[in-house]
Amino acid sequence: MSDIRDEQDAHEFRAEALSLWRITFSPLIWAVYFTVSYGTAAVVCAKGGAGAVALLRLGIGIGTLIALALILWLAWGAWRQWDMPRDREWENDAGTSEDRHQFLGHAAFLLAVISFIGVVYVSLPVLLIGSCG
Amino acid sequence: MRLMLICLSFLALSACEGRQSVLSPAGRDAQDVLSLIWVMFGGAVLLWLLLAAIFVYVTRVEPREMPRRWGEMLIVGGGVIFPVILLGALLTYSLPMMKPQREADPGLKVHITAEQWWWRVDYELPDGSRVTSANELRLPTGRRTGLVLNAHKVIHAFWVPALGGKVDMIPGRETYLSFFPEEPGVYRGQCAEFCGASHALMAFETVVMTPEDFAEWLTAEAEAATAPASGEAVRGAQVFTREGCGACHSVRGTPAVGQVGPDLTHVGSRKSIGAGILNGSEEDFAQFIAHTESLKPEVAMPSYNHIAPEDLRALVAYLKGLT
Chain A
1314 MSDIRDEQDA HEFRAEALSL WRITFSPLIW AVYFTVSYGT AAVVCAKGGA GAVALLRLGI
1374 GIGTLIALAL ILWLAWGAWR QWDMPRDREW ENDAGTSEDR HQFLGHAAFL LAVISFIGVV
1434 YVSLPVLLIG SCG
Chain B
314 MRLMLICLSF LALSACEGRQ SVLSPAGRDA QDVLSLIWVM FGGAVLLWLL LAAIFVYVTR
374 VEPREMPRRW GEMLIVGGGV IFPVILLGAL LTYSLPMMKP QREADPGLKV HITAEQWWWR
434 VDYELPDGSR VTSANELRLP TGRRTGLVLN AHKVIHAFWV PALGGKVDMI PGRETYLSFF
494 PEEPGVYRGQ CAEFCGASHA LMAFETVVMT PEDFAEWLTA EAEAATAPAS GEAVRGAQVF
554 TREGCGACHS VRGTPAVGQV GPDLTHVGSR KSIGAGILNG SEEDFAQFIA HTESLKPEVA
614 MPSYNHIAPE DLRALVAYLK GLT
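Protein chains in written order, with the working numbering: chain A, 1314 to 1446; chain B, 314 to 636.
I should point out that these hints are in silico values taken from the structure, not numbers from a laboratory.
Just to be clear, a hint being listed does not mean it is correct.
Unchecked claim - Cut-off 25 angstroms, straight-line C-alpha distance, at most; resulting in silico cross-link-like pairs (DSS-like, lysine-lysine):
1) B:Lys412 / B:Lys422
2) B:Lys584 / B:Lys633
3) B:Lys479 / B:Lys466
4) B:Lys422 / A:Lys1360
5) B:Lys422 / B:Lys584
6) B:Lys412 / A:Lys1360
Chain A extracted, bound-state conformation:
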């Protein structure tokens, strides 16, 4: 009996440990996207030739789409984990394993939202300026 219980606990802990990691994924994508796009733009603008800027814009455009798609996918997973529309529970502060699980979903979802907005704002100069200015 107690063995089964321990095993369940261990399994649950592994799942929660993973979703604890998962809340960092969207901000991490945002950070990597920010660093790579600004870094590449700086290097290409300093060293690239005439056609390089068009290629750079295309590359950053594709990178933006990939980053947004990944964040959307993470957001969808987090939204389901939060499970808000079913129980209309915004806060999960009961200290039960279910609440812990849903709280981590909630946090991951909010971080995904802000990362999505961050990526969109970071990409705006590529759309609106379009040169090495």
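Since the structure of chain A is provided, determine the placement of chain B on it from the hints.
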């Protein structure tokens, strides 16, 4: 009493007009900055009114508890969706303004280096040659001029409010700014980053001219100095040599080739003396030469208060003749 205070505050506003003001733009870039200011200010006022209205509504008009649904909508709508759209719109409005600032070919380029506490100004001609001047910037209307900024020892900042934004000048690192002036006139620029004892005394005049006038001026500025015309000016040139002025100052076409201080080749035609602190009359020249250290604390040039009054007059005649 309150009315009087309000009236007095309008008096303070009148100081915002003029040749060193973002509220009196004389070029495209300054116009952009002003538009941004008004849009941001107007938006902030609207937002404040909206929030005040909501506050009055929930505390006075309808102080009951709101349905949960409304509260959720207010938080998600007012806290997430509305600011995201508003900030997105502001970014979309303001980002394209940066584009003309960095046009690939600005035509004329001017290299400006900040010293303590004056400005080295070099006009780069299309053939790559340089025309050196100091403490005054001249720009043509109707086209973009690039300003390549640098500093010698400490950080300064370049700012001509009537013409555009403000950019730091950093030793060992070039920064860039460009202006598209539209109205001829004389506008005041100012160092906008604390740079030592005489920071507040580090200014300059920016003269915006029509393209024809500018071309004529630049040709004249590229020439060597005019030889002293009067007997007094000839004697002044001797005083200039005797006092060793040429060790620090350049006067092209003469043995004076110093690079420590401002170039004086055409100092007589400048609108100011001492980097924007005095007007450039004979009296101002004499004051600046004799009382440099009190007029500009800690500056490298010593006060030449030992020069006899008639020698000083001759020296001023020589310098004023360098047009």
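A quick look at each hint next to the structure:
1. Annotation: proposed proximity of Lys412 (chain B) to Lys422 (chain B) holds, straight-line Cα distance about 18 angstroms (limit 25 angstroms).
2. Restraint check for Lys584 (chain B) and Lys633 (chain B): the C-alpha separation of about 11 angstroms stays at or below 25 angstroms, so the hint holds.
3. Simply put, Lys479 (chain B) and Lys466 (chain B) have alpha-carbon atoms about 19 angstroms apart, close enough for the 25 angstroms limit, and the pair holds.
4. With a C-alpha separation of about 22 angstroms, the suggested pairing of Lys422 (chain B) with Lys1360 (chain A) holds against the 25 angstroms cut-off.
5. Of the pairs offered as hints, the one joining Lys422 (chain B) and Lys584 (chain B) holds, with about 22 angstroms between alpha carbons and a cut-off of 25 angstroms not exceeded.
6. The suggested pairing of Lys412 (chain B) with Lys1360 (chain A) holds, with an alpha-carbon distance near 20 angstroms, which does not exceed 25 angstroms.
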